[in-house]
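K.L.:
Top to bottom, those sequences are chains R, E and C. So the first sequence is numbered by the numbering used here: it starts at 1 and just counts up by one. So the second sequence is numbered by the numbering used here: it starts at 1 and just counts up by one. So the third sequence is numbered by the numbering used here: it starts at 1 and just counts up by one.
There's no promise every hint is true.
What the hints assert, rightly or not - When the alpha-carbon atoms are kept at most 30 Å apart in a straight line, the in silico DSSO-like pairs for lysine-lysine are as follows:
#1 E:K6 - R:K88
#2 C:K116 - R:K111
#3 R:K127 - R:K111
As the list claims (entries may be wrong) - Coverage of chain R stretches by chain C, computed from C-beta distances (three or more under 8 Å per stretch; other residues unrestricted):
#4 16–26
#5 33–44
Hints listed in this document are in silico derivations from the structure and should not be mistaken for laboratory results. For each residue, glycine too, the CB sits at the ideal point set by N, CA and C.
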Amino acid sequence: MSLELITAIGRWLLPVLAGLILVSCGGVLIRGNRKTGTIGYVVNAANGDSMALRQFETSIGRSKLCDIVLNYNTVSRFHAVIARRGGKWILFDTNSKTGTYVNKDRVVEKKLLENGDTLIFGNAMFKFYEELPEVITPNYSNAYAKPEQNEKQFMYDDRRSQGDIVIPQMVREAGCNLENCITGEVMEIDDMDEVLIGRSEESHIRINRQSVSKYHALVSRNAHGRWMIEDLDSVAGTLLNGVEVNEPMPLHDSDIIEVCGYTIKFNDPR
Amino acid sequence: MNRIFKRTRWMYLLAVLFLIGLGILAFLFGTNARQWVMQPYNKHIYSSSGLVGGATLYDRNGDILVQTVNGDREYNSSSTVRKATLHVVGDAEGYISTGAQTAFASQLTGYDLVNGLYSMKEKPHDLTLTIDAGLSATAYKAVTEKGYEQGCVGVYNYKTGEVLVAMSLPTFDIEHKPNIDTSQKRWDAVYMNRFFKGRYTPGSTFKVITAASALENIDNIMDQSFTCNGAYTVVRGSQVKCNGVHGRVTFRQALNQSCNSAFAAIAAAELTNEQLTATAEEFGFNSSVNVNGIECADSTFSLEDAYPIDRGWTGIGQGKTMLNPCHEITIMGAIANKTGATPTPTLIKRSVNIGTLNYVSSDVAAQLDNLLRSNVTNYYSDSKFPNLQMCGKTGTAQVSGAEPHTLFVGYSQREDLPLAIVVVLEKSGGYGLTNCIPIANTIMQDALDRYTGNSD
Amino acid sequence: MSGPRWIPTMLLITAFQLISFAQVIFVEDGINYFAATILAIYLLIEWGWSITSSFVLRKSSPAIEFVAFFLTGIGLAVVASKGTSSLFTQFLAVALGFALYIALLWMLANVDRVEKFHMPMEVIAIGLLAIGLIFASNKNGAYNWVQIGGFSFQPSEIVKIAFIFVGAATLEKIQTTKHITRYAIFAVICIGLLFLMRDLGTALIFFFTFVVLGFMRSGDVRTILFVILAAGMAAVLVVLIKRNYVMNRFATYRHIWDTPYGNGMQQTRVLTYSVSGGLLGMGIGKGKLRNVFAAVEDLIFGVVAEEWGLLIAFIVALAYIVIFVHSVRNAKGSRSAFYSIASVAAGSLLIFQAALNIFGVTDLLPMTGVTLPFVSRGGSSTISCWGLLAFIKAADNRTWAGRKS
Chain R
1 MSLELITAIG RWLLPVLAGL ILVSCGGVLI RGNRKTGTIG YVVNAANGDS MALRQFETSI
61 GRSKLCDIVL NYNTVSRFHA VIARRGGKWI LFDTNSKTGT YVNKDRVVEK KLLENGDTLI
121 FGNAMFKFYE ELPEVITPNY SNAYAKPEQN EKQFMYDDRR SQGDIVIPQM VREAGCNLEN
181 CITGEVMEID DMDEVLIGRS EESHIRINRQ SVSKYHALVS RNAHGRWMIE DLDSVAGTLL
241 NGVEVNEPMP LHDSDIIEVC GYTIKFNDPR
Chain E
1 MNRIFKRTRW MYLLAVLFLI GLGILAFLFG TNARQWVMQP YNKHIYSSSG LVGGATLYDR
61 NGDILVQTVN GDREYNSSST VRKATLHVVG DAEGYISTGA QTAFASQLTG YDLVNGLYSM
121 KEKPHDLTLT IDAGLSATAY KAVTEKGYEQ GCVGVYNYKT GEVLVAMSLP TFDIEHKPNI
181 DTSQKRWDAV YMNRFFKGRY TPGSTFKVIT AASALENIDN IMDQSFTCNG AYTVVRGSQV
241 KCNGVHGRVT FRQALNQSCN SAFAAIAAAE LTNEQLTATA EEFGFNSSVN VNGIECADST
301 FSLEDAYPID RGWTGIGQGK TMLNPCHEIT IMGAIANKTG ATPTPTLIKR SVNIGTLNYV
361 SSDVAAQLDN LLRSNVTNYY SDSKFPNLQM CGKTGTAQVS GAEPHTLFVG YSQREDLPLA
421 IVVVLEKSGG YGLTNCIPIA NTIMQDALDR YTGNSD
Chain C
1 MSGPRWIPTM LLITAFQLIS FAQVIFVEDG INYFAATILA IYLLIEWGWS ITSSFVLRKS
61 SPAIEFVAFF LTGIGLAVVA SKGTSSLFTQ FLAVALGFAL YIALLWMLAN VDRVEKFHMP
121 MEVIAIGLLA IGLIFASNKN GAYNWVQIGG FSFQPSEIVK IAFIFVGAAT LEKIQTTKHI
181 TRYAIFAVIC IGLLFLMRDL GTALIFFFTF VVLGFMRSGD VRTILFVILA AGMAAVLVVL
241 IKRNYVMNRF ATYRHIWDTP YGNGMQQTRV LTYSVSGGLL GMGIGKGKLR NVFAAVEDLI
301 FGVVAEEWGL LIAFIVALAY IVIFVHSVRN AKGSRSAFYS IASVAAGSLL IFQAALNIFG
361 VTDLLPMTGV TLPFVSRGGS STISCWGLLA FIKAADNRTW AGRKS
């Protein structure tokens, strides 16, 4: 009798539970990997063009299939690969005809890279940086291209509810912090390496608005401990002091980060 | 790595294909479930000893036709009843596809897509059939005592649509199933219920249809007379033979005496292919009767591009025409009702919405009723059917290379006995009048006893 | 960073498994203590791993393991209701598979280490298949089983892991063209050996995985089409030479209802019994399909449909989509091309095998006799599935949340 009962209950309960399991696992699993963000730079020594490294492995060559395309005759179609392995940067020469050099040493198969190393592919010379030094100023020429749109965003600013910003940690201390400009909530970031801003649940600063991308912007510390802001290919874009963020940019005290009209202030008391 | 990341986009195609596959599978499960469940190898429903579900089948009087006792399938206690109802009750193994245990398995098992067969074990879904076990046994005895081995008998209530008898021969006692070699002649199509699935050359019984077509299409047919010299000649060397020399006969006499010459003349000379085909199809030829989901064999009729001689043969029931006994009995019902319509036959007691078969105008039906009654009063004689007010028509169907089949179809006009009957005796030789009518009378007398309590 | 958000899901899984295991443990003549013990240990392993990976190893939410736990649990319950002796071997296989999963995760953590294992893997793969071909015993027309002592195993299952391991590569390896040629030769040898073993289903899976790996590495649609075309022509050639053998195998396809007591027996039984259970099923252990040959191996989808209900059967099928989509999503943004390619290949292999099985037993595809990943009984196949799962997990960057990359 009780056996029958177990079966009878199970018949109805098991499909429900199975469905819930699938939904709850599926929800987490289908999200996939978070975007990497920029983890290094290759800068053309000839014209100062900087190219961001956004993946752990970046191929360099003349072929259009490469991540960084170098249109020089002396560069092989698939010339080299820059890879980050276990926290270190490694340059691989992938059977290039003209060879790859790091600080004038020819790369045989692979070589460890240091910040500021000079890389030569064929006769093209590049500098490798984990973080951009201050002297090299990224080209912001197109940042001023849409002033009207910016004005518009500020115009509607006061009507927006700021309560949608969820900042989990609210301890006020003397250290670097991020401040919600309207509510005055403060998020202490000294013990963090990165702060993700976006609509996704795993964001540290979650802005629950459709116009905000899931992974919108990333505030992270570079190798020198300096806080940087970068836009994670968001749809609406990120503004730093009213200027569009195209490249990772250093944060200074009282800088205003703006994401779709929501303003966050960066405070650095030191 | 960007290139590699971008390639991953194509991989979603696989997931889409997989989903499409699952969609197709779900659709197939949904649409074919009933058919797949009722496979004879399904051990949930059938086992070597019978329906595991244990549902009981009753006849119309509450007698048990089959039940499950201690896990075994047990049939009616009378061997005669078992043989007489074999094809209606069916077997647990599903050999007899029109048997109730197979055809109505979904009703018996209570299958539904949500619970599957799960609920079957708890409460058997018993079923009461319209079959009369006693009357079926009478039919079985009446036929087999005369030594006939193959054929069928059907009895049908033309007011309610209930089928009381659907007996088919050859048969066997399912409690003592013999070794059956279906290649032997005596077991020819033993698993087929001939009443539902059989097809016979109608012989003279088809003259009813020809007569109906004549009534519909020829204004003065009742006043016409025909001369029978023993054959009807279309052109020299091409003639339809008659069973006798009837001389000068009226239309009514021609039907009473089953005069081939007259009916061949009517069909060949006075009706067109289109007219005869229209009447036949009006009467349900070329479409099949559906008895609670059991699809009967369809009666077939074709006169496409036929010459007058073909039409002559067809008019007396010896052409390419084939007739299903269950269909035939509904034609009788439509005439007996004098409305041209009759309820669709049913095997399940208390079925609702069984539907109606509309064949012909009430005017024609009433005239046919009158004609069929005169067949008995003028020719077969009421003494063959005491107290029954029978109407009907016999037939003899020539079969190539064997003795002819004999048939009788008819019905009682009594208000308290609204039953139609069909008797088919295969390869019996002789005539419907001598072979079938005594059998039909025995069965109808028994029915009279059972349902009116008076046989005076 | 990720809080114990996995706990509610794990509780759902535990509830699901307690209810389903109860139907197996409580039998008419009392309690099956042996099954109870084994299944309790299985639950402990699940919780043990979830807690360890979350709190000790500080890895991200073990959601992908949860899907595998869910599927494995169904398989174990079915096997347990079939008989206790096979439950023990199946449980052993699950434990071994899980150990392999952890071992592979460790091995895959470091790409340089992976490179070192490249050559040994090639040797192991071809060696295993060659041993298989030499010592294999014939089971149901295929020479794919090797008997050692009391244990028998299918080399081809284990080789699946090596096949992907060898086939995936880091970006710099991909850019050296010598590498792909070498892999193509390796693949042809593997698939050829499988054909000689007459293990058609597995050969098909390997070929499909080879195509996926090739596409992921080169992105060259024309080459892939060329390879498929060449394989198709080779297949036609085989059909022409060995016409009778091939025809016999595929004669039943789409004609199962012609021979429900002959070659169409397995598929017709699967269809009939699947719908017999309805959406909610007959109850675990109450089915009839389990008495048909290879019921808990090849036909297990039908057993689940009949006993657990069509709803759960379709949820099981959807679980493969979740695993697959996850494997593809992970491929984006992983720490190396190796992880991306391996993840996609493993995910594709699993969903392809699931498709061959599910659509094979239901006659939408020809039946090739492959197992249903994670659910079917079978030691080698269970171990192999868990091994493959490691490739998918490895591509998930959150797996390595504890370490600074």
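K.L.:
It remains to establish, for every hint, whether it holds in the given structure.
P.N.:
Hint by hint, here is what the structure shows:
With a C-alpha separation of about 26 Å, the suggested pairing of E:K6 with R:K88 holds against the 30 Å cut-off. A distance of roughly 18 Å separates the Cα atoms of C:K116 and R:K111; the hinted pair therefore holds under the 30 Å criterion. Proximity of R:K127 to R:K111 is assessed by CA-CA distance (about 15 Å); at most 30 Å being required, the pair is judged to hold. Proximity of the region 16–26 of chain R to chain C, defined as three or more residues with a beta carbon under 8 Å from a beta carbon of that chain, is established by the 9 residues found.
Check result for the region 33–44 of chain R against chain C: holds, 4 residues qualifying (beta carbon to beta carbon below 8 Å, three or more required).
Taken one by one, the earlier hints all hold for this structure without exception.
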